[in-house]
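Enquirer: Here are the chains, one letter per residue:
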Amino acid sequence: MALVRDGYTTLAYVADADGDQLLTIDVDGGRTRAITPLGGSPAQVLVLADGRVAVTLRDKNRVAILEPASIADDSLTTLCSVKTYAEPYGLALTPDDKRVLVTSAWAKKLAVYQAADMQLASHHDLGREPRDVLVDDAGKRAFVAHVVGGKLSVVDFDKKDDEVRTIDLREPKMMNFGGSADALRGSCQGFALAKSIEVQDAPMFDPEQPARELKITPKAPKGRVFAPRVTVEPGEPTQRSTGYGNARFARIEAPIASVIDSAAERNLTTALMPITSPGGKAPKGECLLPRAARVSSRSGGLLVACAGTDAVVEWDPRGTDPSRLERRRWQVPAGPTGVAVDEAGGRAVVWSQFDRQLAVIDLMGVSQSTVPVSAAPPLPKGKLDPKVAKGRKLFHKTDDPRISNDGRACASCHPDGREDALTWPTPVGPRQTIMLSGRVSGSAPFSWLGAHETIKVHLQTTFERLGGTGLADQPKRNDDELDALVAFVQKMPSPNLRDALVDEDKAAALDRGRALFHDGEQGCATCHVGGRGTDSNQHDLGTRGAGDNDAKFDTPSLRFVGGTAPYFHDGRFATLMDVLLASDSQMGHTLHLSRADAEALAAYMEML
Amino acid sequence: MRWLHLALAAFALTGCAASPAKPAHQAESAPQKETPTEARNRFYANPAKNWSSATPGVAVTFFDQNDPDRAQLMARPTELELDKLPRSNIPEPLDAKDAPAHLPASVAPSDLKIERPYGWSSDYSSATLVVEGKLVRLQIGNVGDEFAAGERAYRTCGTQMQGSALLPARWMSLAPNAVGKVRLRVVDAWFDPSSCQASVVRTTVVEPAPLLNGLIYAFRSRCKDCKERDSLVLITPPVSTLAHGIVGKSAHVSAGSFMLARVSLRRGAAASLGGPVVAHMVDQWYDALGSYGVRGEALIGVDVSHTVAEDKPLAIAYATIIRR
Numbered sequence: 001m002a003l004v005r006d007g008y009t010t011l012a013y014v015a016d017a018d019g020d021q022l023l024t025i026d027v028d029g030g031r032t033r034a035i036t037p038l039g040g041s042p043a044q045v046l047v048l049a050d051g052r053v054a055v056t057l058r059d060k061n062r063v064a065i066l067e068p069a070s071i072a073d074d075s076l077t078t079l080c081s082v083k084t085y086a087e088p089y090g091l092a093l094t095p096d097d098k099r100v101l102v103t104s105a106w107a108k109k110l111a112v113y114q115a116a117d118m119q120l121a122s123h124h125d126l127g128r129e130p131r132d133v134l135v136d137d138a139g140k141r142a143f144v145a146h147v148v149g150g151k152l153s154v155v156d157f158d159k160k161d162d163e164v165r166t167i168d169l170r171e172p173k174m175m176n177f178g179g180s181a182d183a184l185r186g187s188c189q190g191f192a193l194a195k196s197i198e199v200q201d202a203p204m205f206d207p208e209q210p211a212r213e214l215k216i217t218p219k220a221p222k223g224r225v226f227a228p229r230v231t232v233e234p235g236e237p238t239q240r241s242t243g244y245g246n247a248r249f250a251r252i253e254a255p256i257a258s259v260i261d262s263a264a265e266r267n268l269t270t271a272l273m274p275i276t277s278p279g280g281k282a283p284k285g286e287c288l289l290p291r292a293a294r295v296s297s298r299s300g301g302l303l304v305a306c307a308g309t310d311a312v313v314e315w316d317p318r319g320t321d322p323s324r325l326e327r328r329r330w331q332v333p334a335g336p337t338g339v340a341v342d343e344a345g346g347r348a349v350v351w352s353q354f355d356r357q358l359a360v361i362d363l364m365g366v367s368q369s370t371v372p373v374s375a376a377p378p379l380p381k382g383k384l385d386p387k388v389a390k391g392r393k394l395f396h397k398t399d400d401p402r403i404s405n406d407g408r409a410c411a412s413c414h415p416d417g418r419e420d421a422l423t424w425p426t427p428v429g430p431r432q433t434i435m436l437s438g439r440v441s442g443s444a445p446f447s448w449l450g451a452h453e454t455i456k457v458h459l460q461t462t463f464e465r466l467g468g469t470g471l472a473d474q475p476k477r478n479d480d481e482l483d484a485l486v487a488f489v490q491k492m493p494s495p496n497l498r499d500a501l502v503d504e505d506k507a508a509a510l511d512r513g514r515a516l517f518h519d520g521e522q523g524c525a526t527c528h529v530g531g532r533g534t535d536s537n538q539h540d541l542g543t544r545g546a547g548d549n550d551a552k553f554d555t556p557s558l559r560f561v562g563g564t565a566p567y568f569h570d571g572r573f574a575t576l577m578d579v580l581l582a583s584d585s586q587m588g589h590t591l592h593l594s595r596a597d598a599e600a601l602a603a604y605m606e607m608l
Numbered sequence: 001m002r003w004l005h006l007a008l009a010a011f012a013l014t015g016c017a018a019s020p021a022k023p024a025h026q027a028e029s030a031p032q033k034e035t036p037t038e039a040r041n042r043f044y045a046n047p048a049k050n051w052s053s054a055t056p057g058v059a060v061t062f063f064d065q066n067d068p069d070r071a072q073l074m075a076r077p078t079e080l081e082l083d084k085l086p087r088s089n090i091p092e093p094l095d096a097k098d099a100p101a102h103l104p105a106s107v108a109p110s111d112l113k114i115e116r117p118y119g120w121s122s123d124y125s126s127a128t129l130v131v132e133g134k135l136v137r138l139q140i141g142n143v144g145d146e147f148a149a150g151e152r153a154y155r156t157c158g159t160q161m162q163g164s165a166l167l168p169a170r171w172m173s174l175a176p177n178a179v180g181k182v183r184l185r186v187v188d189a190w191f192d193p194s195s196c197q198a199s200v201v202r203t204t205v206v207e208p209a210p211l212l213n214g215l216i217y218a219f220r221s222r223c224k225d226c227k228e229r230d231s232l233v234l235i236t237p238p239v240s241t242l243a244h245g246i247v248g249k250s251a252h253v254s255a256g257s258f259m260l261a262r263v264s265l266r267r268g269a270a271a272s273l274g275g276p277v278v279a280h281m282v283d284q285w286y287d288a289l290g291s292y293g294v295r296g297e298a299l300i301g302v303d304v305s306h307t308v309a310e311d312k313p314l315a316i317a318y319a320t321i322i323r324r
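Chains as they are written, first to last, in the working numbering: chain A, 1 to 608; chain B, 1 to 324.
Any given hint could be a false lead.
Below, simulated DSS-like cross-link-like pairs (lysine-lysine); rule was C-alpha separation at most 27 angstroms, straight line [as the list claims (entries may be wrong)]:
no. : chain 1 : residue 1 : chain 2 : residue 2
1   : B       : K84       : A       : K222
2   : B       : K113      : B       : K224
3   : B       : K312      : A       : K222
4   : A       : K140      : B       : K312
Simulated from the structure, these hints should not be mistaken for laboratory data.
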């Protein structure tokens, strides 16, 4: 979402992901002024210096460039649509307005375009699942958040070939008296980024006298990047657990907002506090699914949209973990995915995708209620099945005792329906989280052992392992929640790998890789039928490891295998190349392949 | 009625007379200009009044009635005026390798008691050394000040220990002084295991400033010769689960009946520490130090950070009191 001024009116350009359209909403008048069809599902919106509007079309692998009409009631005109890497998501503009930065979630890329003509200037390989991107004030470095892995990428435009560095955001596992920091916690939910704003003589909010405005300049914090996410401690995977996770001394999942000294590229957040409320349980209403973040210079707060609790929280950015320092919170319509700040108006505007509603938060007042200003026009019939929509809300609901007893939601381990790249201890051994989106239909039986014939049984087993009481199975009722959840899990959007920009060397290797995959000598397609399918059988491939109960594992679908590292049921292999090189004679034959052929095979598998 | 008017007029005339000149120190001064830190504290104060207590830095919240172990946690940190904190320095503990051959003659320390069990004889026994006071800590030997030290130390001592080297000892007490301030007294001494006697080398007294209405005390330590030239020293109640993180590997945390932490104020460094304090420990703390803050379960924390771009270190303290 992006805000623009139209005379005395504030307009919000809203990426309506369900409607495949850009909404022009009058924030003051509370009505939708225009609808611009996009032909794809938009992720983020960016207004360029000359008024053009860039939109990432996530499922079409394109960036659309639009031009507003002379009056806000008219749709925007599409100037061009630029092909980009798979699953474009985040957008940012350099301070000189000359370059547009685009992250591609599935392709693990940052692409840099010339703003004037949207020619591709450069592209950079990143880690898994990049999302939000922001540029430092000097325009020399880009910071990129990653949903999994607990890392922040820094692309340095000042260095030769735009060097890419990473900042590790993870915290030591144990930090009590005498505790050793010899291992790090995991991380997930790194969707959002924000940076501190240095304010110069702006009128400020005086909480003692809300009607009066202060003329002060809060010089600090300064030079900080905030990365709200979730810190995860699954425990020791090879030790048995009664559910998912066996961490003994710390919370399995807790929100955290890493503070990065942007000049030093150093993470300042190293402690987890408080990890529990004094009663020993997780605090209520924690932000376990942060989806967007902005700093407001007017309120001084770090605003974070929390999808799990349908709230926007305001954290104090002066702390080394602002997530511990909640100042205010506002309930908003379901599924907040975008926050923008209208500094002049002293308000924040929030887009909630699940309810398709825009709401306004008065940052200058003491009230903690929001004003819904506009509901998006209804979607055309058949665009979003109400049952799927209901299932999506359930999938993202944190603090629901039916799902888990520690606040975790389905989306906690399956962000965007994918997986957290973590290996969990379970009652039957170590298990890596499996990607769900696009992989559920036609891949029965379920679980690594193929133990569950239906997805319903699999979901109920998962709730049980999470300590949840479970959802009632009432298929004859129209409002059955389990049915709705199953419907969403089967229909959730998956990455589209077609029509995406692919690096030349990988594109050149695809045909060779396809031939190798389907060649009997390698034997890949014997079990992974057709490449994306499965033979629905269990095999003993000699992969039983420490902590495993069983030796036979279900053949997993290889759909989207390129974006789900690490590999095997216990996450023992970091890359596809590792799998291919290390599993000869256990799972097909690869020892005889040249390095180039092995890379071609891996390149093909990445496109499955 | 007319008389009444006259009387009021007379009264008014008297009131309108020019006031005698006030002494300089009583003259009404212009409102004090806010420091940037005060301004920021006002700016960042939690506008949600229902979460706030009257004390800056302290937020009050309640356990959920349906789930008495859970509360929604809110905070309203207060930024510390680091330049206004008292300055002092606690010297490094005595080093065992500097121990003299014989116990130097000195007056026996009045606050260190040796409790001898019944039937104790000088040729062999184990004695208990106790520091008097409510909030005290004692450590004898291996004084590294890294880990927990209690208010009591059990030592084998007596003539059987003849020839044993003298051990460094440090005991500390935190107590209100005569004028209502809190005083941290740190005594460094040599302890003789053969005679069960101690000889005081030096006594350091610090008057730290109260933060969060006395839930935490702090002073700034500046020392040219120390490993850390500029640091913030914090004294807090013992937390049941300490969480601390340091960027720059330059913090020191030790705990006993109170927690003593020293964090660096260097550019580029950051530190955070804190954790939950159980309600009865909060009560004990206030009772021992004569302060009157909000009581209940407390989550306390202090964050110090100084980014490369910032002119000064930024330090905040906060406490969330959770009431049933």
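Enquirer: Run the structure past the numbered hints and jot down the numbers of the failing ones, going up.
Expert: Per hint list: single violation, 2.
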